[in-house]
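The chain contents come next:
Number of protein chains: 2
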Amino acid sequence: MNIAILGTGSVGQTLAEKFISQGHTVIIGTRNVEDTLAKTGPTSFSEWQSKNTAAHLKTFNEATKEAEIIVNALNGNATLTVFQALDAANLEKKIVIDLSNPLDFSKGFPPSLLEGLNNTNSLGEAIQQIHPLAHVVKTLNTMWCGFMLAPNLIQGGSHINFLCGNDQKSKETVAQLLITFGWTNETLLDLGDITNARGTEGYLLLWTRIYAATKNGAFNLQLVK
Amino acid sequence: MNIAILGTGSVGQTLAEKFISQGHTVIIGTRNVEDTLAKTGPTSFSEWQSKNTAAHLKTFNEATKEAEIIVNALNGNATLTVFQALDAANLEKKIVIDLSNPLDFSKGFPPSLLEGLNNTNSLGEAIQQIHPLAHVVKTLNTMWCGFMLAPNLIQGGSHINFLCGNDQKSKETVAQLLITFGWTNETLLDLGDITNARGTEGYLLLWTRIYAATKNGAFNLQLVK
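Chain order of the listed sequences is A and B. Take 2 as the starting number for the first sequence in the working numbering and just add one per residue. Take 2 as the starting number for the second sequence in the working numbering and just add one per residue.
Honestly, I wouldn't trust all of these hints.
Note: identical chains are not told apart, hence a pair may lie in one copy or across any two.
Simulated crosslink set (DSS-like; lysine-lysine; CA at most 25 Å straight-line) [claimed, not checked]:
no.: 1; residue 1: K40; residue 2: K95
no.: 2; residue 1: K94; residue 2: K66
no.: 3; residue 1: K52; residue 2: K95
no.: 4; residue 1: K226; residue 2: K19
no.: 5; residue 1: K108; residue 2: K52
no.: 6; residue 1: K170; residue 2: K216
no.: 7; residue 1: K19; residue 2: K52
no.: 8; residue 1: K94; residue 2: K52
no.: 9; residue 1: K94; residue 2: K226
no.: 10; residue 1: K216; residue 2: K94
no.: 11; residue 1: K59; residue 2: K170
no.: 12; residue 1: K170; residue 2: K40
Rather than coming from a laboratory, the hints here were simulated on the basis of the structure.
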């Protein structure tokens, strides 16, 4: 499949490596290709791309136009500006996997959630509102990025990943993709429509505090009953 | 110990039975003793008290005046009104165990959190703000009440309970009480000061949705790493 990843940071890079290893075509979207490539240094995108030459870098609109599936791996506070600027036709009937969180670090750590994107709204819903013809599926946003694509790193993969979205078929397609990473029908929990992103994003208020208390972000949840 | 439980509902009753069985003196606080006793029927307080005669029923102020430890088992939307009316002297230097959640069901299920008591504030903090000389400890609010006092009902008790509060000694006292219920040093996680109630209360946005999706409230979380 042609997969566009929006965001050139470490989450986007990790996803790109995985998708490429699975044989997908990966186009990474950025605001300005020249600006992104102009940055140098050991953690720069250029440095990463020199080792991952199969990853194409294009503008957000070019990347989404060519893609069959779009993954939002942008920072939460950059997400809506980018989606507002995207040509709606490029997203029509396409799956948008949103794994971002509306974290507001402006007052330090632990973050709160961005004003207007918490409790009675969420980032996942806001993307869906901007692009009503896209099929937004929220998933993977409740854990450290190392586990997203490799759940088997801990507990034999027996821990939970939520998903939600308005289109059942899109959720099934995403679930199939997640299963190729090691998630299973038992560890995936469909919460229902995209308003349930209020729950998985709201949990970040607790996640960040567990992280602070345990000094370890490499944890996830298991539901026990 | 003399323990005051604020709230005559099922959570308060369950707590009262447990504390009485452990040899504590339990005073249940209510707005108006006569009104509470006047209600009849199989789920009424009177009916419950007829089988639990060791539980004393008094006004909120009387109950807290006599108590060494106060437990808030009121509904979230009733909590602040009750605490605003409480004589501050009755709470001075006393532990207030807050296990309530600021759930707003006014727009149906799943609830949101009450306006002004989410994301950048919490019910636990609001109680602490009203009574700065009390030692508020937030705990047990992230699970079905059946597990609060009997964690061993599932997974040999191996699932998590958070606590937070500003006074370290009070948290230690509460932890000792929780250990008598079956919690352990391994299953109790101290998140830090009372602002961390934003995390454990915020998680209710996810808890209610897991409950809706699985049709089972008798679950809790295990942290896996």
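Do the hints match the structure? See the list:
{"no.": "1", "hint": "K40 with K95", "verdict": "neither (31 Å within a copy, 57 Å between copies)"}
{"no.": "2", "hint": "K94 with K66", "verdict": "within (12 Å within a copy, 63 Å between copies)"}
{"no.": "3", "hint": "K52 with K95", "verdict": "neither (29 Å within a copy, 61 Å between copies)"}
{"no.": "4", "hint": "K226 with K19", "verdict": "between (33 Å within a copy, 22 Å between copies)"}
{"no.": "5", "hint": "K108 with K52", "verdict": "neither (36 Å within a copy, 52 Å between copies)"}
{"no.": "6", "hint": "K170 with K216", "verdict": "between (39 Å within a copy, 23 Å between copies)"}
{"no.": "7", "hint": "K19 with K52", "verdict": "within (14 Å within a copy, 62 Å between copies)"}
{"no.": "8", "hint": "K94 with K52", "verdict": "neither (33 Å within a copy, 61 Å between copies)"}
{"no.": "9", "hint": "K94 with K226", "verdict": "neither (38 Å within a copy, 37 Å between copies)"}
{"no.": "10", "hint": "K216 with K94", "verdict": "neither (41 Å within a copy, 31 Å between copies)"}
{"no.": "11", "hint": "K59 with K170", "verdict": "neither (28 Å within a copy, 57 Å between copies)"}
{"no.": "12", "hint": "K170 with K40", "verdict": "neither (40 Å within a copy, 51 Å between copies)"}
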